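Trainee: Chain residues, written in single-letter form:
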Amino acid sequence: MLKDVTLGQYFPGQSPLHRLDPRAKILGTILYIVLVFFARSFPAYAALLAALIVLCAVSGISLKLILKGLKPVVFIAAFTAIVNLFWTAGEGAPLVEFWIVRIYPEGIYSAIFMLLRILSLVIGTSVLLTYTTTPMDLTDALERLLKPLKFIGVPVHEFAMMMTIALRFVPTLVEETQKIMNAQKARGADFESGNLIRRVKSLIPVLIPLFISSFRRADDLAIAMECRCYHGGKGRTRMKELHLRFGDVLFLFSFAAFGVLLYFSTPFFASMGFYIK
Amino acid sequence: MSVVTFEHVGYTYSAKTPFEHEALKDLSFTLQEGRVTGLVGHTGCGKSTVAMLLDGLERPTSGRILIDGRDLWEEPKKVREIRRRIGLVFQYPEYQLFEETVEKDIAFGPRNLGKSEDEIRTLVHSAAQFVGVGEDLLKKSPFELSGGERRRAAIAGVLAMDPELLVLDEPAAGLDPRGRADILGGVCAYRREKQNRTVLLISHSMEDMARFADDLIVLKEGELLFHGTTKEVFCRPDLVREAGLALPQITRITNALCDLGIPEGITTTEEAAIEILKRLDS
Ligand SMILES: Nc1ncnc2c1ncn2[C@@H]1O[C@H](COP(=O)(O)OP(=O)(O)OP(=O)(O)O)[C@@H](O)[C@H]1O
Ligand SMILES: [Mg+2]
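Protein sequences appear in the order of chains A and B.
Residue numbers for the first sequence follow this note's numbering, so the first one is 4 and each next one is one higher.
Residue numbers for the second sequence follow this note's numbering, so the first one is 55 and each next one is one higher.
Excised from the complex, chain A in its bound form (with noise of 0.2 Å):
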């Protein structure tokens, strides 16, 4: 159960991609979400499947991995899909009209368009960012890219170190609730029978323990990072400074250019009367 957390998980690897400066991805990943609500013609989002498709294949994350970080957003683009397959009212007669149910092929079309754009925009982040991205090249990339804000007191560097440790203890966290669910099991809890009121007072033997041993950690951490001087981001320098390559210009540059092309090109094809919507 706790071992399907692949949302927001890094897979080590040595792709272009794993290679990409985070900052060139960062940036990218926003473009590549603007685009996704910008394409709104059949040939538009070919070209942004298509691209999808070679970012996915250049990652060398396998297919299985990919679709298993679906399973969390499956639901809710089900139930959108669904919302405009019924709520969508078209110009010509109905497809189908029983009782209160009227489906019009506009709606079929908005069913299929928000289903791609929701799951394309959850492969997309997550190839792109937070598959290939380890979470600390991600706060520091984030750090280094909000730096400007600094200038009107915003605390930077603090939000940046509090994400990485978040960030950081995520997968421990999982780790450890499944050990402490592990010990209680041993102990004959049963988390998976009764009614939903016994299941959640079931997960106090559990909760008590990882909360417990959360304070204890950040305790330590914090202990362990006076220890060794850690006074907040002023005056500080890093062991990896980022550098961005000709490649990560390269990438950002036809990654925009791509998105300008496309951008512009939706008038053209909406007047040939492939628009949606």
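Hints may contain errors.
Stated by the list, open to error - The list that follows gives simulated cross-link-like pairs (lysine-lysine, DSS-like), each with its CA atoms no further than 25 Å apart:
| no. | chain 1 | residue 1 | chain 2 | residue 2 |
| --- | --- | --- | --- | --- |
| 1 | B | 158 | A | 204 |
| 2 | A | 182 | A | 204 |
| 3 | A | 204 | B | 274 |
| 4 | B | 285 | A | 182 |
| 5 | B | 193 | A | 71 |
| 6 | A | 204 | B | 194 |
| 7 | B | 132 | A | 182 |
| 8 | B | 193 | A | 204 |
| 9 | A | 182 | B | 70 |
Please keep in mind that the hints were generated in silico from the structure rather than gathered at the bench.
Everything numeric in this text was worked out from a predicted model, so none of it was measured.
Given chain A, put chain B with the ligands in place with the hints provided.
Mentor: Same frame as chain A, but now just chain B with the ligands:
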């Protein structure tokens, strides 16, 4: 109960992901009924994994685990039933404590088994006594205890379930010599009281094994290296070294003195003293 047999058991962590790790390979052995079997091996050789599989907390990737001749996973829904008969004390079990008082925490296991309040009280007090948790400690919050006291409380929590098979994963790790002897001795006293229950004792301390284990299973990198009586293993320094372990100093000395006619595989200082004195007298 409970004849436990591992038949070609293999276990892989995070199977089919980049983090795949084969922890156990084709492991077969039978735990002798009514004996203390020690499971030894170097760090990371898969000892805790064996314990977890034995308690049905994970399913073996290959092979079968037979309990009284029946496959543990024959009916996955029944695994819980079998688990009730096995008491597993995890490595560093302190973190499992959660109740307001130690007494209530020790009672958690027997209560889950559906025992009556009277039975629970008896079980809790006798289990607490064996591992040296006094009456005053029973009334305290488990979070006010020292590390060693917490360890005892956690072990008592499993003993109180009155299991037919007891599995202890490094019960004495990180304790002082006195604490080690107390806990291991307490467990043995408990076992004797219960008509010699079967125990699987996991440790990498050969000194502890010398004192408490009848049989030994030696693991190396997830594979069975040797299974025999403790004496047999102590006569095979090569094997012990191959497993990444060290025999107790006294065994190494007496093994080196075998020219004097001292038998190989001496386990404890007392035994060595007797043998040496015998040679000196004659
Ligand atoms: N949850 C896990 N995920 C992946 N690999 C694991 C996991 N738990 C253990 N392993 C690996 O499986 C192997 C066996 O682990 P196990 O905990 O059984 O060792 P052990 O013999 O109990 O060691 P120790 O003496 O240190 O307790 C180790 O190499 C370990 O890295
Ligand atoms: Mg272990």
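Trainee: With reference to the structure, classify each hint as holding or not holding.
Mentor: Evaluation of the provided hints:
no.	hint	verdict
1	B/158 - A/204	16 Å, holds
2	A/182 - A/204	18 Å, holds
3	A/204 - B/274	41 Å, violated
4	B/285 - A/182	35 Å, violated
5	B/193 - A/71	48 Å, violated
6	A/204 - B/194	23 Å, holds
7	B/132 - A/182	21 Å, holds
8	B/193 - A/204	23 Å, holds
9	A/182 - B/70	21 Å, holds
Going through the hint list in order, the structure does not satisfy hints 3, 4 and 5.
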